[in-house]
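Peer 1: Letter by letter, the chains look like this.
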Amino acid sequence: MGRMDRGESADRSVRINEHKSARFYQYSEYLMRLLIAAAFAYAGWSKLGDPVNFADSIASFGLLPRAAIIPFALALPLYEIVAAAMLLADRPRRLGALALLVVTVVFCAALAQALMRGLDINCGCFGPALTPTSPSIDLLRDIVIAAACVFLYWRAGVRTAGALTAPQSERVYTGASDK
Amino acid sequence: MLIRDLLKVAALALLCVAAGLARNFFRAAPVPLEYRTPQERLIADLSGLLDGPAPQLTSMQTVDLDQFRKLRGTPGLIVIDARAASFYSAGHIPGALNLARANFGADYLRLRPTLERDKNAPVVVYCSGGACHDSRMVAGALMELGFTNVTVFTGGWDAWTAANQQIAQ
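These protein sequence lines map, in sequence, to chains A and B.
Each residue of the first sequence is one higher than the last, beginning at 1 in my numbering.
Each residue of the second sequence is one higher than the last, beginning at 1 in my numbering.
Any given hint could turn out to be false.
Just some of the chain B residues that point at chain A, by a computed CB distance under 10 Å [said to hold, decoys possible]:
(1) CYS16
(2) ALA19
(3) VAL31
(4) GLU34
(5) ARG36
(6) LEU111
(7) PRO113
(8) THR114
(9) LEU115
(10) PHE147
Think of the hints as simulated: they come from the structure by calculation, not from any bench.
Note that this is a predicted model, so its numbers are computed, not measured.
Where a beta carbon is used, it is the ideal one built from N, C-alpha and C, also for glycine.
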């Protein structure tokens, strides 16, 4: 009884709560990685086979100089697929998140300027097959993706690689709690 | 370190550019590195119809001056001047449209609404006449595009003006 017991049970409940929130972050991180990697892998894959169509989309944004359009159209699908794979892997996932963040920010900037200039663009984000959405929807979607990539980049830097069952909040409590 | 990570991302990007270019190079039909708009590609494709040797005159329907003059009353007849635009504006057969061999793709796109109204309509193509091949080449290209009734007026502009016929500008 007394202060010691209260301290111990307080420690235990803090540990359980930290464990719960850590698990929440872990699960949301895994889910996010899966969803974003799947989205970018699909996006890259759908553009891989039709560089000419994708190049037309890029050109409609009026940003890149003519000479850069085809090299960009050839490179981006590969970049998306590789970065998606990195995101799913263990060690490279931080770089993968950053790579996707960079490209998403670029897309956001391109979409924003296209909206400001009132350009009639065709996003071409998910290849020629999908029906085109409005640039504002694309921009919103990309902002959300960018936020997720920031989160993933941060999370990958906070902890070292660990399985879900590894003890997360292994902290040392020195008896009485330091409230 | 964020800077270091960004540099690694930049390296990844460059790698992907190299890989993309390499992939393209080894494709069966590599995409040309110089970007062309859809319009430009269409013009290039149309002009590509003129590649290769001019179709032989013997394989084409031809008309001489008298036959051509008789034809001119035909309803729906399309007369094509295959010479360059500068010649056309200096003087052409009245009613003729300029579909220059030297500017085929762009000219065809411009005239497309008129021409494609009826691909079975009678079409007569001329150029300067004599040794000029342009009329044959344009006629050949039109036939490849699906026009069924294409004829070459072999005498051309020379024959027309020599007979002191009416001209337009």
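Peer 1: Each hint: holds or not?
Peer 2: Results for each hint:
1. CYS16: holds (4 Å)
2. ALA19: At about 5 Å, which falls below the 10 Å cut-off, the nearest Cβ of chain A leaves the hint on ALA19/B intact, so it holds.
3. VAL31: holds (5 Å)
4. GLU34: holds (7 Å)
5. ARG36: Since chain A brings a Cβ to about 9 Å from ARG36/B, closer than 10 Å, the hint holds.
6. LEU111: violated (25 Å)
7. PRO113: Constraint on PRO113/B not satisfied, violated at 23 Å.
8. THR114: Status violated, d = 28 Å.
9. LEU115: violated (26 Å)
10. PHE147: Cβ of PHE147/B sits 28 Å from chain A, so the hint is violated.
Hint compliance for this structure: hints 6, 7, 8, 9 and 10 are not met, and every other hint is.
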